[in-house]
Structure formats: structure tokens, C-alpha cells
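K.L.:
Spelled out from the first residue to the last, the chains are:
Protein chains: 4
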Amino acid sequence: MASISEVTVRYAETDCMGVVHHAVYPVWFEIARTDYIKNAAMSYSEMERQGVMLPVTGISCKYRQPAKYDDLLEITAYITRFSPARIEFYYTCKRKGSPELLTEGTSAHAFVDAKTFRPLNLKKAMPELFEKMDAEYRRDSQLLEAAQSHNTEQI
Amino acid sequence: MASISEVTVRYAETDCMGVVHHAVYPVWFEIARTDYIKNAAMSYSEMERQGVMLPVTGISCKYRQPAKYDDLLEITAYITRFSPARIEFYYTCKRKGSPELLTEGTSAHAFVDAKTFRPLNLKKAMPELFEKMDAEYRRDSQLLEAAQSHNTEQI
Amino acid sequence: MASISEVTVRYAETDCMGVVHHAVYPVWFEIARTDYIKNAAMSYSEMERQGVMLPVTGISCKYRQPAKYDDLLEITAYITRFSPARIEFYYTCKRKGSPELLTEGTSAHAFVDAKTFRPLNLKKAMPELFEKMDAEYRRDSQLLEAAQSHNTEQI
Amino acid sequence: MASISEVTVRYAETDCMGVVHHAVYPVWFEIARTDYIKNAAMSYSEMERQGVMLPVTGISCKYRQPAKYDDLLEITAYITRFSPARIEFYYTCKRKGSPELLTEGTSAHAFVDAKTFRPLNLKKAMPELFEKMDAEYRRDSQLLEAAQSHNTEQI
Numbered sequence: 001m002a003s004i005s006e007v008t009v010r011y012a013e014t015d016c017m018g019v020v021h022h023a024v025y026p027v028w029f030e031i032a033r034t035d036y037i038k039n040a041a042m043s044y045s046e047m048e049r050q051g052v053m054l055p056v057t058g059i060s061c062k063y064r065q066p067a068k069y070d071d072l073l074e075i076t077a078y079i080t081r082f083s084p085a086r087i088e089f090y091y092t093c094k095r096k097g098s099p100e101l102l103t104e105g106t107s108a109h110a111f112v113d114a115k116t117f118r119p120l121n122l123k124k125a126m127p128e129l130f131e132k133m134d135a136e137y138r139r140d141s142q143l144l145e146a147a148q149s150h151n152t153e154q155i
Numbered sequence: 001m002a003s004i005s006e007v008t009v010r011y012a013e014t015d016c017m018g019v020v021h022h023a024v025y026p027v028w029f030e031i032a033r034t035d036y037i038k039n040a041a042m043s044y045s046e047m048e049r050q051g052v053m054l055p056v057t058g059i060s061c062k063y064r065q066p067a068k069y070d071d072l073l074e075i076t077a078y079i080t081r082f083s084p085a086r087i088e089f090y091y092t093c094k095r096k097g098s099p100e101l102l103t104e105g106t107s108a109h110a111f112v113d114a115k116t117f118r119p120l121n122l123k124k125a126m127p128e129l130f131e132k133m134d135a136e137y138r139r140d141s142q143l144l145e146a147a148q149s150h151n152t153e154q155i
Numbered sequence: 001m002a003s004i005s006e007v008t009v010r011y012a013e014t015d016c017m018g019v020v021h022h023a024v025y026p027v028w029f030e031i032a033r034t035d036y037i038k039n040a041a042m043s044y045s046e047m048e049r050q051g052v053m054l055p056v057t058g059i060s061c062k063y064r065q066p067a068k069y070d071d072l073l074e075i076t077a078y079i080t081r082f083s084p085a086r087i088e089f090y091y092t093c094k095r096k097g098s099p100e101l102l103t104e105g106t107s108a109h110a111f112v113d114a115k116t117f118r119p120l121n122l123k124k125a126m127p128e129l130f131e132k133m134d135a136e137y138r139r140d141s142q143l144l145e146a147a148q149s150h151n152t153e154q155i
Numbered sequence: 001m002a003s004i005s006e007v008t009v010r011y012a013e014t015d016c017m018g019v020v021h022h023a024v025y026p027v028w029f030e031i032a033r034t035d036y037i038k039n040a041a042m043s044y045s046e047m048e049r050q051g052v053m054l055p056v057t058g059i060s061c062k063y064r065q066p067a068k069y070d071d072l073l074e075i076t077a078y079i080t081r082f083s084p085a086r087i088e089f090y091y092t093c094k095r096k097g098s099p100e101l102l103t104e105g106t107s108a109h110a111f112v113d114a115k116t117f118r119p120l121n122l123k124k125a126m127p128e129l130f131e132k133m134d135a136e137y138r139r140d141s142q143l144l145e146a147a148q149s150h151n152t153e154q155i
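As given, the protein sequences belong to chains A, B, C and D, one line each in that order. Mapped onto my numbering, the consecutive letters of the first sequence carry residue numbers 1 to 155. Mapped onto my numbering, the consecutive letters of the second sequence carry residue numbers 1 to 155. Mapped onto my numbering, the consecutive letters of the third sequence carry residue numbers 1 to 155. Mapped onto my numbering, the consecutive letters of the fourth sequence carry residue numbers 1 to 155.
Here chain A stands alone, though its shape is the one from the complex:
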């Protein structure tokens, strides 16, 4: 179920426009994604040791308001698609305690064998992990549907 990660903006993450550089958000989304998996099932490093990797096949990001140095941010991750072969996440970035959406994004991933980098069926390779993630995915779907039916940008 939707996992929230806190990030404080580093000086090195800003650029000479005075705000966070746009290429930093995918790095934060990655933190939120690995926190999500850790909360749901196991650390991503443990997953890699057990032979499964989750390379990124695509990302997208929409920038609405800039974040600034020293801002305390909340990155929330949701699973939006899930199958034995693929997983997709949706992310929001807000200042802690503020409802305003600064940035939102997505990432798409394939499950691959950590040695051969070949596609892998997660349901067969790690059935327990698959079930846990699938349950999380279904909870997130309900969350996101409920949010959309209230016609809100809160999510």
C-alpha cells in the first residue's frame, strides 16, 4: 500500500536556476520505489541477491512547482500495473504537510534474471514476493480509484 519516503533537498541537487534540477526526481522516485518494496516484502538488495532485478524500461515526469534547497519532501509511491513480467509505479512529490503537488511521475520495469538479464516470471521465480506485491497493487488500485472518483489531485 502506498509508501511515503521523506527526502530533504541537498545543495548538490539544486541548479543555477535556484531550484531542484529536473533529473533529480527520478532518483527520488527510485528511493520511494525501493522503500515501497522494502515495506511490502524485502529490500531491493535482498531481491537482487535472490536473483531478481527490476531494470527501468521507462519513466515520465511532470513538473508543476519547483522544490528548493532544504525543503523536506514526501515522495509517495503507488503500484499502478502489476503482472508476473512487469510492474509500474506512480509517484507524487509534495512538501511535507502541504497538499500541493510539486511533481508527479511514473516508472515502468521488467522483472529480469540478475545473472542473464533475461525476462523472468516473478510468479514462478519468487511466488511469495509476487503475492505480497499483488496484494499491495490491489490496495493501491482502490486508493487511486477512490481518489479519482473524488476528482481530486490529492493523490
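It is worth saying that the hints were derived from the structure and are not from the lab.
Heads up, the list lumps identical chains together, so a pair's fine if it works in one copy or across two of them.
No farther apart than 27 Å at their CA atoms in a straight line, the calculated lysine-lysine pairs in the BS3-like style are these:
hint, residue 1, residue 2
1, K38, K96
2, K62, K38
3, K38, K115
4, K124, K38
5, K38, K123
6, K115, K68
7, K62, K115
8, K96, K62
9, K38, K132
10, K123, K62
11, K115, K132
For this one, chain A is given, so just place chains B, C and D on it according to the hints.
P.N.:
Frame of chain A, contents of chains B, C and D only:
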């Protein structure tokens, strides 16, 4: 017209999966975009001095094949949308001398006043720059259409 | 007095040698330094708003053992020199709960006017901040002396 | 013999102080170092394939003048120490066409086995590479001595 930038993969740009980290590509696309503008009209730093900024409002990226340390890459940038208020770029990343598409992406930008960060009409603010970029945009549109009509992924 | 900051190693911070890239440590030291100042007196962003900047004039770093993806690290910062014109920090990086020193480093800084970038006398510009930092510096000196007299690498 | 690498400052390499972030210089020094080795003997990726790695054991950096977005810089690398077990480099960073020293730095490295990460004797492991690098080292020593005897900051 489509501008090509060369980039050699830095050690710091790889991650422990052994390949280039996915958040590095938007940084390379930014290089290609500023090279494009420099070739077409003027340096981006000059544009900023003249009062126009080009903040990123959105990006997307699709990862097909990984790039590795020390690879010599060609990042090609095309303008895919252009108006007095907005501009969009499309990028491809290939190894130099190879037709294989490693990564492709897009970025969307608004023209804003460098002091107020308010939206700005480029046609009014910098008419000469607007005309030059518009001519480039039309050349790129023809290039991309021709490529699509040959039903190829070369572009 | 010595301030401890926790950092979890990000995937993007590793390189294809499988460990944290060496250029990441100065970024972590910066986090520890700004946490230190925040704990002692005020946030660095507040300091900047009040007109004082702390640009880096020099750094050094010694790498003893590598950190890896997902490691939970403790970065400790100490003030090792302090005057109205300059400040120096010493940093250690260890895994949380482990006495082993992974990396140690230093940074040197000048106090400058945030608008003119000219050298500035902190004692005159912000006397209260100066006194607080000076007290911290003296506590750190005692800490580091005590540690050295026990001939230990703990610090 | 002293190898010069050109780098154009990326937008992502600047910070909200308006200049290049200090942690970027070690990344540029790494580019200069790998260019040096490539010019002298072979690419660093080839060295890794032949079983030798060059992890960083220490770095230092002195910041004199800031570099800014879009600056075209020259990073020059020299070998300042060389033995079968270790190598040290010295770097300068200047704007192209300007004698002014912006930043200077050093890096220290051990030769290690790429599989075991154990120390390795380069003279035994790759005698040809050792001889080439040793000749470069001797040329650099003469260069640096000559420069010092003219009491200049040119080097």
C-alpha cells in the same frame, strides 16, 4: 535542424547494475537541447542573459538497450512542437556508428521571464530567436515525417 | 558538538565497480555539515537569507573501505578550525552500529557576503551565530583530543 | 605526458549558488585521468577487462575561482607519483584560453585485481603498461619541476 551531441559515458554515470543509471539520460538530453539551441541561434546562457528561461515542464524516457562505461554516444535532438509559449524536443541515444536505438526521450518546456518566472511570449520577447527556432522546427518536422513514412526506428 | 547524520546509499550513488562512487562522499559531508549548523544554530538556508554564505575552499577525502547500495551510514561532522573568517570540518563515515571507519574527510570554508561574495567577518556580521559555533568548536576540540589521547580511530 | 581534457559545464553540474557544485570536480578529474591513461596506453575499460582496477584511495581539491554554466574548461592531468603498487595524479582546471587556475586537485590510487580487489603489482601483472606509465610519469616530473623552478602557477 536535428543536432547531434557526442557524450562519452563517465564512470560516475554508471551504477552497480554495471550500466548507465537511468536518471543520467535527461542530463544528456539537456546537453543535446542546449547544443541544438546554440547551433540554431545562440547559447542558452546568452538566452538567460537576455531574459528568457526554458524550464522543463515534463520529460519521458524509454530504455531499450543499456549504455556502458566509456561508450561514445550520439544524442540527437529534434524539435517536435513549437509555439510562442512552448517547445518540445525528441531525443535519441545511439552508440556512435551504430544504428541501434539505445534510449529515446522527450522534454517539454515553457518560455518564461528569467526574473519573474512568469510565462512569456517568445515571438514578442525575442522575435529573431523565435523565427530561427520556428524554421528549425519545420525542418525537423519534415525529417521526422520522412523517417516515419519509411516506417523505421532509425530516427 | 559533533553531529551525526544518517544516509542510506542510493542506487544512483553506486558505480559499475559495485560500490559508492568516490565523488558522492563530499555530497554526504555537505549534508552532515548543514545538519551540524542546523542543530547548533540555524538552517543553512536561513543563514543564506541573512546574508552569509559558506563556499567550499577545499576538500579532502580518504577511502578505507567501500560503502554499498542500501547501506545505512552515519556521517559525523566535527568543527576542527574556527575563526571569524574561516571554518573547517572533519567527517567520518561508518555503517550504523559498526565502529569501522569507511571514509574520512575534511572541508574548508570561508564566510562570504551572500550578495557580493566578498570575505566577511562572521563575528561582526552575525555575532550570535559566531558565539554558538565557537562553543561547538571548543566542544569538538575536546572530543577529538580525548579520542586521540586514547590513540583510537573511533573519531 | 600531461593530458588535457575538455569539459563544457552542464546545467545539472551547477547549484543554487550559481556556480559549479564542488563535488563535480572529482568527476571531471576522473575524466582527465582516464583520458590520460587512454592517450598513454589503453582505455581504462580495457584495463579492467585485462584484470586491473584503479580504485581511488584519496582525493583533495582546492577551489580558487568558480566555474559557471556553459564554461568550456580544460582539465589537465599529471602523474606525480608512480610505483608498481600505487599511482597519484595532480589536476588543474582552467577556462580554455585562460591561464587563471580555477581549481586544482589530486587523487591517489592503488592497483588492484579486478576480481579479488586485492593489491596487485602492476609491473608484474601488466609490464608493458607499467613501462609506458612510468615513462609518462618521468616526463610529467620534469614538466612540473620546470614549472616550479619558474615559480609559476601555470602548471
